[in-house]
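There are 2 protein chains.
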Amino acid sequence: MNQRTIFFVSDQTGVTAETLGYSLLTQFDSISFRHVTVPFISSPEKAEEVVRRINQVAKVEGTKPIVFSTLVQDDIRAVISRGDCLCLDFFDAFVAPLEKELKTRSSHTTGKAHGIQDIVAYTRRIEATNFALAADDGAHTREYDQAEVILIGVSRSGKTPTSLYLALQYGVFAANYPLTDEDFERGDLPDSLKSRRQKLYGLTIEAGRLQQIRNERRPESNYSSMRQVQFEIREALALYKRYGVPFIDTTECSIEEIASTILNDTGVSRHLRP
Amino acid sequence: MNQRTIFFVSDQTGVTAETLGYSLLTQFDSISFRHVTVPFISSPEKAEEVVRRINQVAKVEGTKPIVFSTLVQDDIRAVISRGDCLCLDFFDAFVAPLEKELKTRSSHTTGKAHGIQDIVAYTRRIEATNFALAADDGAHTREYDQAEVILIGVSRSGKTPTSLYLALQYGVFAANYPLTDEDFERGDLPDSLKSRRQKLYGLTIEAGRLQQIRNERRPESNYSSMRQVQFEIREALALYKRYGVPFIDTTECSIEEIASTILNDTGVSRHLRP
Numbered sequence: 001m002n003q004r005t006i007f008f009v010s011d012q013t014g015v016t017a018e019t020l021g022y023s024l025l026t027q028f029d030s031i032s033f034r035h036v037t038v039p040f041i042s043s044p045e046k047a048e049e050v051v052r053r054i055n056q057v058a059k060v061e062g063t064k065p066i067v068f069s070t071l072v073q074d075d076i077r078a079v080i081s082r083g084d085c086l087c088l089d090f091f092d093a094f095v096a097p098l099e100k101e102l103k104t105r106s107s108h109t110t111g112k113a114h115g116i117q118d119i120v121a122y123t124r125r126i127e128a129t130n131f132a133l134a135a136d137d138g139a140h141t142r143e144y145d146q147a148e149v150i151l152i153g154v155s156r157s158g159k160t161p162t163s164l165y166l167a168l169q170y171g172v173f174a175a176n177y178p179l180t181d182e183d184f185e186r187g188d189l190p191d192s193l194k195s196r197r198q199k200l201y202g203l204t205i206e207a208g209r210l211q212q213i214r215n216e217r218r219p220e221s222n223y224s225s226m227r228q229v230q231f232e233i234r235e236a237l238a239l240y241k242r243y244g245v246p247f248i249d250t251t252e253c254s255i256e257e258i259a260s261t262i263l264n265d266t267g268v269s270r271h272l273r274p
Numbered sequence: 275m276n277q278r279t280i281f282f283v284s285d286q287t288g289v290t291a292e293t294l295g296y297s298l299l300t301q302f303d304s305i306s307f308r309h310v311t312v313p314f315i316s317s318p319e320k321a322e323e324v325v326r327r328i329n330q331v332a333k334v335e336g337t338k339p340i341v342f343s344t345l346v347q348d349d350i351r352a353v354i355s356r357g358d359c360l361c362l363d364f365f366d367a368f369v370a371p372l373e374k375e376l377k378t379r380s381s382h383t384t385g386k387a388h389g390i391q392d393i394v395a396y397t398r399r400i401e402a403t404n405f406a407l408a409a410d411d412g413a414h415t416r417e418y419d420q421a422e423v424i425l426i427g428v429s430r431s432g433k434t435p436t437s438l439y440l441a442l443q444y445g446v447f448a449a450n451y452p453l454t455d456e457d458f459e460r461g462d463l464p465d466s467l468k469s470r471r472q473k474l475y476g477l478t479i480e481a482g483r484l485q486q487i488r489n490e491r492r493p494e495s496n497y498s499s500m501r502q503v504q505f506e507i508r509e510a511l512a513l514y515k516r517y518g519v520p521f522i523d524t525t526e527c528s529i530e531e532i533a534s535t536i537l538n539d540t541g542v543s544r545h546l547r548p
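Residue numbers (our numbering), protein chains in the order written: chain A, 1 to 274; chain B, 275 to 548.
Calculated from the structure, these hints are not laboratory results. Some clues are possibly wrong.
In silico EDC-like cross-links for lysine to aspartate or glutamate, where the CA-CA straight-line distance does not exceed 16 Å [stated by the list, open to error]: (1) 64/A - 303/B; (2) 194/A - 265/A; (3) 103/A - 61/A; (4) 468/B - 480/B; (5) 333/B - 303/B; (6) 46/A - 75/A; (7) 241/A - 183/A; (8) 199/A - 145/A; (9) 338/B - 101/A; (10) 199/A - 143/A; (11) 199/A - 265/A; (12) 103/A - 303/B; (13) 64/A - 373/B; (14) 338/B - 84/A; (15) 473/B - 422/B; (16) 377/B - 188/A; (17) 64/A - 84/A; (18) 468/B - 419/B.
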């Protein structure tokens, strides 16, 4: 019985409503939630349709759905608020105090202008993504000059998803270089990295977790043996220490946490707003 | 003078505070904002340090900074609220009505449990990202069976960033296939796509914008000529029409909008919460 239906309603993509709602719902972990995202509700007519769905759920389940919404226009919000639900709209909650403090009226317009700002942001993001792909796994060391940060770490420590996330979320140019036996036998970083020491950021991971990840990929191999995994992690940490490379243990971190920590530790700027 | 400083303060990464704050600030486009993200404020002592920064800014600028925060713990929030600022905390605003409606107390704990749920989500995300990379640009058509959606479109219409975004944001397995002269000369989709017609989703883009993008990449080439660009777009649209492939014009869309529209149109589920 302890299940509730959640609607994320937005005049745009719904990402902000989802972000808001999920953060709040983690605070109520004894209840199980069913989620419905309803994006692009840009007219009162579309909102009426959503209200019919909400009321239908309320009737069938016998409890009010909870609605997290990001609706800029008052008329659309008014329609939703007539539904048989708990409505938590986030413009509703925060626009008034902001207007007061900023001594100006908000524009109350749906969506962004899609002007030059958006094209700049879009281009930056695409360029950063292409950069991350081109500079993945040490493919093109000549691109290190363009990189804002160079992630280093052993295979499967999280470099590729982190560099892609930095590109897509923040427009940051992140290269990555995999530390392998070749580096460990030489006992040193390659020259291409030593000369760019101030851009390096290390990833590490607990041996047990890394073994598990590698084992799914290549079971029963030297690559996924505990001995090899422990060796690589130890050698990588020794290099981080020797060159003063800051690093993060990714074992219990989400990609957001890894990315945010890297920006915080390195001072690299966010080029995009989320 | 019309500039205000914004602090995003969080006990975690700050992504939620940034997402919420930026959505609200787009409503006040006559004012220019300076942004400072302060993540991982997990103790009252760290919060005191933030308050010193806030008060310093207030003193220098002569206006109150605006603080968007996502702070779960009451004691940390209490410290921030003593700063010389407008504090908009989003747990503060919404937890009380949720507790009332759900008839249960919220857990008031910072961060997530980092339990099995997180490992499942992390693994899904990494797998989806690796899948998008492996199934990029039609490299491995045998992977189409695993794909939840197959994006098709001409070169530089936005397939790769969109499939990576679907992977990182939603854990969705998205492959992509570039429509090229080979397909247009044959006047048909390849068999590997025809047999998976229900998974296809098309991207299109305005000729002027595509030419601009291609021209930055390969100036003065046939690839970036208006004639070639118009030809490819027209032929791609003809194929979408012939096979009833739903499609989106990406010209004025952000990657979030493209991704959200695809999920909405196809009914593919989000596997991850944002």
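Below or equal to 16 Å on CA atoms is what counts here, so check residue 46/A against residue 75/A. holds (12 Å)
Compare the distance between the alpha carbons of residue 199/A and residue 265/A with 16 Å, and conclude whether the hinted pair is satisfied. Given that 16 Å is the threshold and the Cα spacing comes to 11 Å, the pair holds.
So if I understand the rule, the pair passes when the alpha-carbon distance is 16 Å or less; does residue 199/A with residue 143/A pass? holds (13 Å)
Is residue 333/B close enough to residue 303/B, meaning Cα to Cα at most 16 Å? violated (24 Å)
Check whether the Cα positions of residue 199/A and residue 145/A lie no farther apart than 16 Å. holds (10 Å)
Given the proposed pairing of residue 473/B with residue 422/B, does the C-alpha separation stay at or below 16 Å? holds (7 Å)
Holds or violated: are the alpha carbons of residue 64/A and residue 303/B at most 16 Å from each other? Answer violated: residue 64/A to residue 303/B is near 36 Å, above 16 Å.
Is it true that the CA of residue 194/A sits at most 16 Å from the CA of residue 265/A? violated (19 Å)
Has the given pair, residue 103/A with residue 303/B, been kept, meaning a C-alpha gap of at most 16 Å? This hinted pair holds, its Cα atoms lying about 13 Å apart.
Straight-line alpha-carbon gap residue 468/B to residue 419/B, limit 16 Å: holds (13 Å)
Given the hint that residue 468/B pairs with residue 480/B, does the C-alpha gap stay at or below 16 Å? Violated: residue 468/B and residue 480/B sit about 25 Å apart, past 16 Å.
Residue 377/B and residue 188/A were given as a pair; does the straight-line alpha-carbon distance stay at or below 16 Å? violated (59 Å)
Checked against the numbered hints given earlier, the structure breaks hints 1, 2, 3, 4, 5, 14 and 16 and satisfies all the rest.
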